[in-house]
Amino acid sequence: MLEPISVSLESLNLITLSPMLIAIGGALLILLIDLFKDNLDKTMYVMLTMLILFIDIGATFSLNINERGFFDLMLVDGISVVSQLIILVTSLLFIPLALTASNNRFHEYSYPEYFALFLFMVAGLQFMVSTDNLILIFVGLETASLSLYTLIAMHNTKGSHEAAIKYFTMGAMAAGFFLMGSVVVYATTGSVELYEVAKILQSQGVDGLSSIIAPLGGAVLMLVAIGFKVSLFPFHMWTPDVYEGSSAPMAGYMSIVPKIAMIVVAMRFFGIYINLNIEAVSYLIIIVSVITMTLSNMMALVQKDVKRMLAYSSISHAGFVMAALALGTTKANSSIFLYYGLFMFTNLGAFAMLWISRHKAKRFHGRYDHPYEKFSGMISAHPIAAVIMAIFMLSLSGIPPFSVFWGKLYLISSVVDFSAATGESKYIVLAIIMVLNSAVAAYYYLKLIVYMFLKPPVNELNLVYTNKSLALATVIGFLVMATILSIFYVQPLMEFVTYLVSSSGY
Amino acid sequence: MENLLYIALFSPLVGSLFAALFAMSPKNIITGIVTSALLLISFIASAILFEHVMTVGAVHVTMMDWIMAGDMLIPFGFLVDQISVTMMVVVTLVSTVVHIYSIGYMDHDKSFNRFFSYLSAFVFSMMVLVMSDNFLGLFIGWEGVGVCSWLLIGFWYHKEDVSRDVNPSISPSWAANEAFIMNRIADLGMLIGIFILYWNTGSLQYDVVFAALPNLSDGILVAAAIALFVGAMGKSAQFPLHTWLTDAMEGPTPVSALIHAATMVTAGVFLIIRANPLYAMEAVEWVSYFIASLGTFVAIFAASMALVCRDLKRIIAFSTLSQLGYMFAAAGLGAYWIALFHLAAHAFFKALLFLGAGNVMHAMNDELDIFKMGGLKKVMRWTYLYMGLASLALSGIGIAGVGLAGYFSKDAIIETAFNEQNYILWIILIVTAGMTAFYSFRQVFLTFHGSKRYADTEIHPHDMYKYVLIAMSPLAILAVIAGFFKGWFEEFVTVLLPAYKMSEETHHIAWILGLVVIAFAVGGIVLAYIKYNKGLKRNEELENSLVYRLLSNQYYIPQLYDKIFSKPYAAFSRFSWLTLDQKIVDATVDGIGNMIKTGGDNTRKIQTGNLSDYLRWMARGVVLLVIVAFISHQLSQGAN
Amino acid sequence: MIGLSHYLVLSAILFSIGLVGVLRRKNLLMLFFATEIMLNAANVAFAAISYHYNDLSGQMFAFFVVAVAASEIAVGLGLLVILYKKYGTLDLDEFTVMRG
Amino acid sequence: MTTFAFYFFATLITLLFLVTVLSRNVLYAMTALAAGMVLISGLFFMLDAAFLGAVQLVVYVGAVMALYSFAMMFFDANKDIKERNGSAVTVFLLGGAIAVMLVVIFTAPLIGQGVASLYPPAEGATNPQAVGLVLFTKYLVPFEVAAVMLLVAMISGIILAGKKMDFSLSVVEATKSIDSKTIDNMDNTEKKGDK
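Going down the list, the sequences are from chains A, B, C and D.
Quick note on our numbering: the first sequence kicks off at 1 and runs consecutively.
Quick note on our numbering: the second sequence kicks off at 1001 and runs consecutively.
Quick note on our numbering: the third sequence kicks off at 2001 and runs consecutively.
Quick note on our numbering: the fourth sequence kicks off at 3001 and runs consecutively.
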């Protein structure tokens, strides 16, 4: 007979689980409420979800940094906390976008389960970032992804179904590659826990071609899965279609939250290689990200639809960020989080502006709902909306003093610093490519401004803000203020992020 | 003093915001008056600061620490020293005049309030640009004036696009975009320069950066100097990035006067003057020399185009280009204070010239073709006087220490070229001076003298409102007297800028040199007078008939001169304008844009919408990654 | 003697078979079959490595992969049902409205 | 004996999966898939992973296949599927290339040889017991997350296949879009903008 195992409760450090448990508990609560009381107004659910997210943020803040819990499975370190905060704040800003004008009720919000699935997804992503065990990463990732596919499809238009199936199928294939990557890691080191993997690789050494093949192959396979989620070329194909098909806020949400979670995983995984000075992996990531940002910029340039343009632009932003990830310095890693933190306000805001112009019956165009023409002459019809949209576009193109500018500034300066520190001039080339790309990118953002400010309106069917409600206006107002006033908080924010990131050695 | 500094800086911003409040409402004269008054306040504050700097010394305030993270510290402060206070006084003075002028000029425009909002916003950005004590603040001001310039050039955005044959600048929005894009290309260079400096000196503060310069390696100095100059080239429209400036004349005339003559375009010169410790380094000597040569080239290049131009505003724009060339020549030769002096003097008479042109346009119902004007001097007495004065100043008329503004400033530049024993530049600059005089007066005579060629149209010209004319008078006065302050100004700015003295020999023959210049200038005027004073017969093919008339009316110029020199020269002017300018330069810019676009179109084709294709691309991506990984491995092995 | 690498090569072959299926199938239902093969190929490898190192992590991983596969099918089939209702087909060549 | 069993299973599984991937008949494909899954559980038993083998049998052959057969009936797919499979060369080339790549990776020397096992099976425990011990201590959290995931899948399945999705609130059916003339105009303005 086997000995019973006794485990003391303190050693489990259950507090590390509290943020996820709050999200899961909240989701279950919503399901229960729905079970007992039908036909509650969606406002109630929105408020409840926001409350749960608030408590979740509080719980995340109260975590001690650099602790492990639950048989060392859970890992609460700086990047876990900062990414959870980004995820939760974005979610908190995303959920009120459900409160569209009362005459315009969209399909997904008629389900209380929407909010439950949303919270499950948040919990899955939180698990994904607060562990370095490949098993839990995989399970968390799949929980989040499966919820996300459903959330997209629940918008219930033909486009959203097409989007969901494309995302789902490509996601299944990416999951296969994630597993094969894990197999290679497991086969080479005998462990699926990244800190053990790092230790073993460190002790065994990886010099010579024969011993590098397996680790490099693992990195390639993992990069497929990571590249899919972060949308790097050529695994980005789903991005424009899925963003176009899903509702605008969901597209904005997807351009930030799942990506930041996967970036944390990438940081943990590729961090091993970078610490071991396996330069090939850094080059690999940099080459892919340079291709990504360049090609997606070129494709964004020729788009006719603003939403698709924003989709391509978010791919190019992701390429930007991945280039910094390959450096592995504290400054680069901190500026990645800063970048996404600042990008979040602007990008979510831009998508929210598309959202308020959405109309159930009137589509602007048989194929596109948000072509550039829709916004022409907007300055005369809706001056305030035009100015807000212009601010978001200026920010996205990295014009000071708006938020994304600071992100770009820190990101590029981290590359330059790295080059100065290592004395490798080729990283200066990378910085120049990044600057050139943002110069090209400015063209398509400014194109929208030109349409809004300098072109005459196309016809009567100009955008009518049917979707505008107090809640949406509040969220957008907040996002605009956050974008404009970034100059005042960027410095403490950077300090906070740097403190968190550096305290756990990234 | 600190308060005065903030008053000078922020009153334009307050004015702009005030006008912006009424941006959407119908014309309200109050916005014009309030913004003008605030600018006047700003001017007075600047003037007091000027006095303060002269008697006490520079004012340096740090408003706040802007970014402070890790090892990155960028305090945001303002510096009022001899250089910036000169710029401040010039900018606020010209702006005040232009604002008051615009109240009259924009009288009938329905976007009156919006115009003032933009214009004041421009002044604020310009003040940030000149007053900042670091490169980042300068860059922000730099971008700010770029955006305002874009908004103002495209102010009449509702005008339709037309073909290049009808209007060389197609439409205001097209011109605005061209200006913006060209400037962004240059800004990129500037940003790189700033980065190079920051990453090598660890700061963006002027004083810190300049103090650290001697420790840097030559290569870095040269790279920074070149990169910053690229930025300056864009803003100051130097070859080959000059095409936007003439097209920018699509904007309202006060805008041309303020932004595209007096202030913004001189920002490039300002940058070089500001960064004079860098450009004075031994290692970057040849960059400075290149700047001087390019400036000289632009001076004659632009002047040659002005010779054949028929468009009133474009002539002045070419002339601006040419004068900017002079300024760069001076700065490149190390005579920074002379460049700054010419900058200030030029601001006065060029703004006056533009405003005068605005009056003419206003009178002629926006007609710009000087061949369709003539004989306006009777009906527009004041404007005639102003433009005549300004043209005299531009041509640099004067003798024996008495003369108009241009006489002192431009001659000093030409003298500098001689003093540097750079006789090629000297000769080119002198010839340009002659050309300048010729085209300035060709324009004046064609506009104001001769017969009324507009007589068969419905136009009944009349002079501008009285208050507008009075408002222009300070500029006129300054255009006349500014030169007398030369010695005093030299004393004032050389506290900060390197003193530039002529050598003994130059000093001795200075009067001869001056005489040569005057001879050329007077020659130009006389030539113009002879050719155009009596008006223009416009019944024949213009280019040829001009040459023909010259031949038949030959007074001084022999036949040979016409055949060998004048005709090819006219052809060369046309060639440089049509081919060099439009075909090569424009085509290159367009070509790069098209290339990127085509690339986008082609790449876009892989996005077929078919899931199978996407999945296959993923698989291709895996194979691609393997190849890239292999290459990366080889690369990293090669590096070790 | 059958060693680890035999199993790993088998796993690689099975994975590639699944991949070929994913790439060539146009019918979404049959495409899903192929994704199952890919997941199973990974499971074989996990079980074999687990046996080789005498370490249970691999079996754990395989266990969770099975759970994930089951969940994916539930969601995937839900999507297929709704697609079939709206489009009347499962041929993915029909779902190409969004492109460019 | 094990050698024979391995090659027997391996060949059979490969062939069956090839049938799954290449067959034009859904029924054949599904049956082959199910049979392949059963044989894979045989491999698991050979690898001393009895519990995993059982799970494989129960979940795949029991649950997954049942789901697929229901789906097959729903989609009325009980006949040959017509597919325009296009360029078979690309597909097989890609598949082959990736197979070669994986084989190269797997046959490369594994540097973890001789590393001490982190989670060895408990002494004297049968495989299910040992699995249980690890699963409910170390891997309790993923286990619970997997439970959440299954809940998510259930909710998703119910919602997506539910009747409420038949009628969309997100669009009004009579979609009013701009006529083709406006689209032409759009193209024209675009061309003009390109200049």
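Calculated directly from the structure, the hints in this document are not laboratory data.
A quick note: this is a predicted structure, and the numbers were derived from the prediction, not measured.
Treat the hints with care, as some may be off.
[Unchecked claim] Simulated crosslink set (DSSO-like; lysine-lysine; CA at most 27 Å straight-line): (1) A:Lys37 with D:Lys3082; (2) B:Lys1110 with A:Lys447; (3) A:Lys468 with A:Lys455.
Against the structure, the hints come out as follows:
{"no.": "1", "hint": "A:Lys37 with D:Lys3082", "result": "violated (48 Å)"}
{"no.": "2", "hint": "B:Lys1110 with A:Lys447", "result": "holds (25 Å)"}
{"no.": "3", "hint": "A:Lys468 with A:Lys455", "result": "holds (24 Å)"}
This entry does not satisfy hint 1, going by the numbered hints stated previously; all others are met.
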